[in-house]
Amino acid sequence: MSGIALEIKNLYAGYHGTEALKDVSFSVTPGDYIGVCGPNGSGKSTLIKVVLGLLPPTRGEVSVLGTPQADFKNWQRIGYLPQGLQFFNPHFPATVNEVVRLGRLAGKRFPKRFSREDTVAVERTMEWMGISHIKGCMIGELSGGLRQRVLLARALVNDPELLVLDEPTTALDPETRESFYKLIFEMNREKKATVLLVTHDTATIGKYASHLLYLDKRVVFYGSFDDFCNSTEMTGFFGEHGQHLVCHRH
Amino acid sequence: MDISEMLSYGFMQRALIGGSLIAILCSVLGVFLVLRRLSLIGDGLAHVTFGSVALALFFRLHSFYMTLAIIPVVLGCAMGILKLAQKARIYGDAAIGIVSALGIATGVMLASIAGGFNVDLFSYLFGNILSISSSELVIAAVLFAIVITGVAIFYNDLFASTFDEELAKSSGIDTDRINAVLVLLTALTVVLAMKVVGIMLISALLILPAVTALQLAKGFKTAIVSAACIGVCTVVVGISFSFAMNLPTGATIVIINFLTFICAFAARAVLRRS
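Protein chains in written order, with the numbering used here: chain A, 1 to 250; chain B, 1 to 274.
Nothing false has been slipped in among the hints.
Within a straight-line C-alpha distance of at most 30 angstroms, the following computed BS3-like cross-link-like pairs (lysine-lysine) qualify:
#1 A:108 / B:221
#2 B:87 / A:217
#3 A:207 / A:191
#4 A:108 / A:135
#5 A:135 / B:221
Please keep in mind that the hints were generated in silico from the structure rather than gathered at the bench.
Please model the complete structure; the sequences and the hints are all you need to start from.
Listed below in structure tokens is the structure:
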């Protein structure tokens, strides 16, 4: 594993001439769990898209797991879980097993074929995630919580070094949300995966994440939750009550 | 007339073999197209094929040479639909509409300039698989091999892109390339399917076996295999029935496909209730 999991320098990015991110710089150490927060339109999802190579930056440098983003090819080292599927069709004829196995395509070379090793990895991940019993079920027949669990299994099937999650709990009920956070926390602790999690849930993320990245097109705050708790600048920004609601240190 | 007598005719053997190969291609690609909400691309490309047929007739090319001549034109227009959708900032359905209208307009214009063609244009509009020649069957077999190999090679990438394009991209899959592969394979299939059901009914052969299979499928691979089986069965039954009853083959195939879809839909409703 390289010394820096993610390094972003003077990043500018946006859509159709509108800048969603301006002069964003930060770096993430392997094993960190970063909670990415900010108001609507603050550039959180844009940042994720740039990290994953889905959106080219306007300016600036992005380095993922020690490789410049544009040259990055080892997609099996990154796991990605979106808020939900882009245009999810509840009648899509895919089983849980087939969906989790799709994750193993990352990093494969042409022609992409599954091996015995892939089957073992899929079985192991489904067992770890507690979804082995539904492996033959159709993805569209599952509840929102279970479906997100399956997509998380798809993201984890390669034991990624960097796990990127874009508001994964938005559509979940509070109980499922809590167990989801715990699962990601375990993933971070047990497998030492670096986690970049975008969330609106500023009141909960401090319980699990080690660092906070607060964006509002620019970096408003980046550092540990302890630093956030003690920052007078952040007291001015959030107010004392809001600051300590986020930091979860009291 | 019994089955052995029907099968003793050379044209029936060619029709059944050619029809089955084309049905497999249409059904397999149809599953990807229907799930990606690109069902009408078949219709658009069929209209382009109409323009291409007119162009080939204009230059007095027939049967074997006509098929060879229209392939590059339809492939080019298929890429045109993709590029229009990507570069001109318009949605895919509008791009299909533009290219489709252009195909028909070109066909009508060329027919007018040539003062009408001597061949029966109806055979291209509504198909006539019973008239498939040995050389056309060879083209069908070669294109079948190309398309089915293409699907087999890119199967996992096609599945991933169909499931969710953004997730596929985040796995390092070049979805633009995969979209191009899907559209080009569809274009080749549309040129072949023109012979079976005709330009007007091609989209039915792409859509119906796929949506029938999707009613009952319990997995992606089973959906693909069932669609291919449904496509072959309906085309074989359609050709035989139309021959025995002296009905138009293309229309018979489409109606049998629709009836099969209704049966699958009803079976699904019954299964859900129980």
